[in-house]
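Chains as they are written, first to last, in our numbering: chain A, 2 to 221; chain B, 2 to 221; chain C, 2 to 221; chain D, 2 to 221.
A few of these clues could be false.
Identical chains share a label here; the pair holds if one copy fits it or two copies do between them.
Stated by the list, open to error - Below, a list of computed lysine to any residue pairs in the SDA-like style, where the Cα atoms sit at most 20 Å apart:
(1) LYS35 - ALA92
(2) LYS185 - ASP10
(3) LYS185 - MET2
Don't read these hints as lab results, they were simulated from the structure.
Bear in mind the structure is a predicted one, so any value in this text is a computation, not a measurement.
Protein chains: 4
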Amino acid sequence: MGFFESLKDNCADEWRAYTRHEFVLQLGAATLPKPAFQTYLVQDYLFLIQFARAHALAVYKSTNLQDMRDAAAGVSAILDVEMDLHVRLCADWGLSAADLEHSVEAPQTIAYTRFVLEAGHAGDILDLMVALAPCMLGYAEIGRWLVAEHGKPEANHPYQTWINEYAGQAYQDVAQATLLTLEKHASELLTQGRQNRLFHLFSQATRLEAEFWQMGLTSV
Amino acid sequence: MGFFESLKDNCADEWRAYTRHEFVLQLGAATLPKPAFQTYLVQDYLFLIQFARAHALAVYKSTNLQDMRDAAAGVSAILDVEMDLHVRLCADWGLSAADLEHSVEAPQTIAYTRFVLEAGHAGDILDLMVALAPCMLGYAEIGRWLVAEHGKPEANHPYQTWINEYAGQAYQDVAQATLLTLEKHASELLTQGRQNRLFHLFSQATRLEAEFWQMGLTSV
Amino acid sequence: MGFFESLKDNCADEWRAYTRHEFVLQLGAATLPKPAFQTYLVQDYLFLIQFARAHALAVYKSTNLQDMRDAAAGVSAILDVEMDLHVRLCADWGLSAADLEHSVEAPQTIAYTRFVLEAGHAGDILDLMVALAPCMLGYAEIGRWLVAEHGKPEANHPYQTWINEYAGQAYQDVAQATLLTLEKHASELLTQGRQNRLFHLFSQATRLEAEFWQMGLTSV
Amino acid sequence: MGFFESLKDNCADEWRAYTRHEFVLQLGAATLPKPAFQTYLVQDYLFLIQFARAHALAVYKSTNLQDMRDAAAGVSAILDVEMDLHVRLCADWGLSAADLEHSVEAPQTIAYTRFVLEAGHAGDILDLMVALAPCMLGYAEIGRWLVAEHGKPEANHPYQTWINEYAGQAYQDVAQATLLTLEKHASELLTQGRQNRLFHLFSQATRLEAEFWQMGLTSV
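Chain A with its partners taken away, still in its complex shape (with noise of 0.2 Å):
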């Protein structure tokens, strides 16, 4: 089994809470309230400032030119094309560029974004993906499997947008090398004496991945 697998196999529970969180399922059922998924997308895009800087810590925390090259692609494909695409998406929403700046951040994306970050601080590269990894790859699975439930969604589906990013063959290769980079960082880095830790840092940022959903239902 993968790193990555064993990450999963090890807190099922939170993993399926997180990936089919109620949250998900209104947003493929097309029943998700738009006040929701406004809430969302306005954190999201706070979310995403912090992911940028997350990226940059990966950059440092690199060991070698190939992952630093690959960690900087990261924080410009975020700071120069997914912003503009968020930005966009939330014009399409009626939430506008100052909408976005003026927000605050929400407890919730205070405690992911600032876990993964102080996780990729106290600990090295490997730390820092696995913290990452219930985003790049949890979305991921969430694109594919939303499509798999429901097909490709119709051109009248109010989430189409949010859909066909994630579950769309560019986001899939950004997670399948996201993937293998994480379980190159696993073979070259993990130990038996580190397998707990690191299995309780991917459960702890499921959680709090499944709490971000959350966060988007109750302010509704």
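Position chains B, C and D relative to chain A; hints supplied.
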């Protein structure tokens, strides 16, 4: 007005919501359900571990020997004295050392502690101190207020140990020293240009402290 | 006077010892022994790796999106452009990629790069930028001075590629942008109380840059 | 073979060049010029400050309470005991506290200390401990060797205080505890995949320690 006063003034509502939180009111009135306090105690134990790490970061971030020594005294006080006191307090409430060690950090515990630590990494010693201030100085204020409001707790008050600890002279002295250190750092490092970010940092930290109380209440 | 000017003024002797170092004079006069330049080139390659890490740290330490994007562009420029240029320049001097990869950091390389990175961790973005300034802005000054002194290098000047790179408009533009960023950070974060520490930081970094030139000379 | 033995074995020449450095030989033979020792003493005082910061980083990077307490005891020992001893030793050599405070870090002091601190930030607690090991464990070995070679120093030996400190049981006990901690971290975190990087880290740190001795000699 001192810097700490200006920090509180800038988020007067959040500060009040934290220092006069329902958890605090019920604790003072001796009406707080015991399970709420127990939940809080366990999480506060886990909080202390991160708090010690934050003080270690303050040693590292200090720019002169005296500040390093003060912060190091804080690390030792937490690891060698406060944590033992906490274990004893927990034992009085039926919580064993094993209970504490096997407990899992709540999202609210993660949110505040990692927010503080990450703010410390990202910025300088002033950022770190501002993020820590709601905890260190807020508890002193809460302790004083509870005694002002209810008088010194009677021997049969269920939360007398807790109140006496934070209202007591030893803790008040530590808080006063912390206040002076914060003001010194501000006098050395504060600029108009970073004031708003520090206000925001303090306000966010204060909100996360209120969430920490709420966690205790909600757990019941 | 701008902040950068005040930094240089404060350590005018050290600044001159660095920017008019014997290594620079000989390089301009085309009398620098080739082995000295080769030693420098190899160490400068290793330097660039740490320099990319320092820019990644600047992304992380930035307090707004624009600064993050600027620093991220710096990371990409180093990893994707400058390092390739450097490999080609080294190849022209008979140094293969394998030579570079198997080379070992000299103490002088370690001293300056780790000093910069550690100053960045310990402080905020201004500390990091001040520690980086002697390199980024010093090289621009050296490039300009060499051309002012000797004219644009002839085609048979052994070090013309190096001189043209740092005297060239592209590098001068990057340096100018860096200067503006430094001045902006200073206008936002500088206080009387931290001025001496920043002066000292800059002065130390400048001395370590001079040692880096000296390493090239001494190696012959 | 223990991990520390394998670290030394891997760079046997560098280790010998450090632990049997001309500075050490002359110190043991009582032929070391006093100005060389004075230069060393002043720089070692500045070194200790950074060393305390490195131990604070170790508190932060520790993954359990016992390791945090051990590292915190190290911070206190340096700040509250060793530095005072050092000030007294300096006073015996005609160096006042003001001399120490106004001294400037030599490049060699910067190189080793920042190398250690940065290695700690970039990696995990094992990276930090490996980078610290040449200092903590090397001095213990040097102390033992000097006494084995020359016998316990006579009362008129100019460097008897220094030798007795590092050959003495108190320091040897601290070093032994440090060794056990290093071996424990290695047994928990060492993999084949990171061994070469740790060997390199140790080898570089050892070379930087030798440069530190050399600085004393060269100053004369």
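Going down the list of hints, with the structure as the test:
1. LYS35 - ALA92: Classified as within; 14 Å inside a copy, 48 Å across copies.
2. LYS185 - ASP10: within (19 Å within a copy, 28 Å between copies)
3. LYS185 - MET2: Within one copy only: 14 Å inside a chain, 28 Å across chains, cut-off 20 Å.
Checked against the numbered hints listed earlier, the structure breaks none of them; every hint is satisfied.
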